[in-house]
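*Asks:* Sequence:
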Amino acid sequence: MSKSIVIIGESRITGVLSHVWSHVLPDASIVCASSAVEVNTAVSAPSDIIVIDWSFNALSTAYLVKSLRSRPSFSACVFSALAHDTVQNTEARFVGVDIVVDLTSSGNVEHLLTSHFHVLNRLSESNTKIKKLEAEVRAAQSNLDDVILALQRTVHCRLPDAAHRALFIEEAALWIAKQFEFDKDVEIDFDQLRYAAKLVMLGRVHLPDAERSTRITLDGSPMNVLTAAVPLKADEILKESTFLSGVRSILRSLYENYDGTGFPDRIQHWQIPLASRILRVVIDAEELTMELSGRYAESLEELRKLSRRVYDQRVVLLLDEYVNVIAKRTRVEHAPSSVLLVDLKAGMVLASDIVTNAGLKLMNAGTVLQSHLIDRLMSHNTMDPILGNIYVAPRKSNAVAS
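Straight run, no breaks: the sequence shown in my numbering ends on number 423.
In case anyone wonders, no lab produced these hints; they're calculated from the structure.
Note that the coordinates shown come from a computational prediction; the quantities given were computed from them, not determined experimentally.
Note that the Cβ used here is the ideal one computed from N, Cα and C, for glycine as well.
Hints are not guaranteed to be accurate.
[Stated by the list, open to error] Here are the simulated lysine-lysine pairs, PhoX-like style, with alpha carbons at most 20 Å apart:
| no. | residue 1 | residue 2 |
| --- | --- | --- |
| 1 | Lys382 | Lys326 |
| 2 | Lys150 | Lys24 |
| 3 | Lys153 | Lys24 |
| 4 | Lys24 | Lys199 |
[Unchecked claim] Label-pair ranges, simulated between beta-carbon atoms:
| no. | residue 1 | residue 2 | range |
| --- | --- | --- | --- |
| 5 | Ser43 | Leu195 | 50 to 56 Å |
| 6 | Leu253 | Lys87 | 37 to 43 Å |
| 7 | Lys205 | Arg33 | 31 to 37 Å |
| 8 | Ser43 | Lys150 | 44 to 50 Å |
| 9 | Arg397 | Leu313 | 33 to 39 Å |
| 10 | Gln162 | Pro47 | 34 to 40 Å |
| 11 | Glu312 | Pro406 | 32 to 38 Å |
| 12 | Ala79 | Asp119 | 20 to 26 Å |
| 13 | Thr263 | Asp119 | 33 to 39 Å |
All chains should be built: construct the whole structure from the sequences, respecting the hints.
*Replies:* Structure follows, in structure tokens:
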């Protein structure tokens, strides 16, 4: 495959470099640029290799490299610089030039350039192989997405009521998981969570028609023998899939209770994958809301009663935030506002509980903030960050409370 090469510098320099390159890569397409206008034209399209004389005064060579490096179309381009002194050498390396030819240390410039350009050629060939591998990975990812979609549609054919809830479950679960991304003690694979959210009903396909609309659990316990087998059925369906091993683990642990009284393995707390804890809360809230004819506020209140025993309290808190603020599934006459920790002021009234990443409740909703309470929040946040956003009641409520 022929290479496209751009050589930037004064015309006497580009002439020499073009001559060298024509011997190193005879089939290469070589463009020389000796003015700012020519440079802009030369780099308007991606190139395989760009060689820059760092003494070129028509433009800032450092800025040019940084600008091109920021473009996705130049991600595979190999940059080479000709440095005439140590300052230029250091600057070129600092902005990410791949190969710097130090002209001060060689008596035979053409030999030095030729040897370095052979290296550039090998790097360019490696980049071509990398591009091919990346294309193969994208194709494999697309195939996997197709398989997941086919499985999801199969499940929805069996359980049509689940289809209209699928998107909300996926979006809510991913949003909640993102709130934990700065927690050093938490590991979560967002792709596996996304797939698990799409296949969250997979274990229910074995249920008879009479049980299709039955809740899987009540108060943390399986409704019957058939619903108790749901996580095991999902595990069995996915047991031969290497790519979906994470999804298999998530779905198997879906109905484990936070206190260790769930099924099928009776694991608890940190032993339960965070993705499983998240999906459990979202699914149960959705199903409970259907029973209550769409009254999400009542569903969340029921989940709060079972927090720490059945559910991870932090996940329930975050779902409450997602439902009321992000998705706006409930109507609030005077909606609370999100406030940064540094913007809290004495007299503000908390509209929601403040809980940390470790699950410690610092303050209850309805607390009227005072200076010492705000100082306490800031101090604790440095050791155990506050989970989610902080919400305060509207100004009218604040005024009445103060």
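*Asks:* Note whether the CB distance of Ser43 and Lys150 lies within 44 to 50 Å or breaks it.
*Replies:* Check failed, 25 Å falls outside 44 to 50 Å.
*Asks:* Honestly, do Gln162 and Pro47 meet the 34 to 40 Å range at C-beta?
*Replies:* 38 Å Cβ-Cβ, so the 34 to 40 Å window holds.
*Asks:* Is the distance from the Cβ of Arg397 to the Cβ of Leu313 consistent with 33 to 39 Å?
*Replies:* Holds: the Cβ-Cβ distance is about 37 Å, inside 33 to 39 Å.
*Asks:* Given the hint that Lys153 pairs with Lys24, test it: the Cα-Cα distance must not exceed 20 Å.
*Replies:* Holds, because 16 Å separates the two Cα atoms, which is no more than 20 Å.
*Asks:* Okay, Ala79 versus Asp119 on CB: inside 20 to 26 Å?
*Replies:* holds, 22 Å
*Asks:* Would the pair Lys382 and Lys326 pass a check requiring their Cα atoms to be no farther apart than 20 Å?
*Replies:* holds, 15 Å
*Asks:* Cβ-Cβ distance between Thr263 and Asp119: within 33 to 39 Å?
*Replies:* Roughly 36 Å apart at Cβ, these two residues keep to the hinted range, so it holds.
*Asks:* When you take the CB atoms of Ser43 and Leu195, is the distance between them in 50 to 56 Å?
*Replies:* holds, 53 Å
*Asks:* Is the straight-line distance between the alpha-carbon of Lys150 and that of Lys24 20 Å or less?
*Replies:* OK: Lys150 and Lys24 at ~14 Å, within 20 Å.
*Asks:* Is the straight-line distance between the alpha-carbon of Lys24 and that of Lys199 20 Å or less?
*Replies:* Roughly 42 Å between the alpha carbons, so the hint for Lys24 and Lys199 is violated.
*Asks:* A range of 31 to 37 Å was offered for this pair. Does it hold for the Cβ distance of Lys205 and Arg33?
*Replies:* violated, 56 Å
*Asks:* Should the hint that Leu253 and Lys87 are 37 to 43 Å apart at their CB atoms be regarded as holding?
*Replies:* Violated: the Cβ-Cβ distance is about 55 Å, outside 37 to 43 Å.
Violated hints, in rising order: 4, 6, 7, 8; the structure is consistent with all others.
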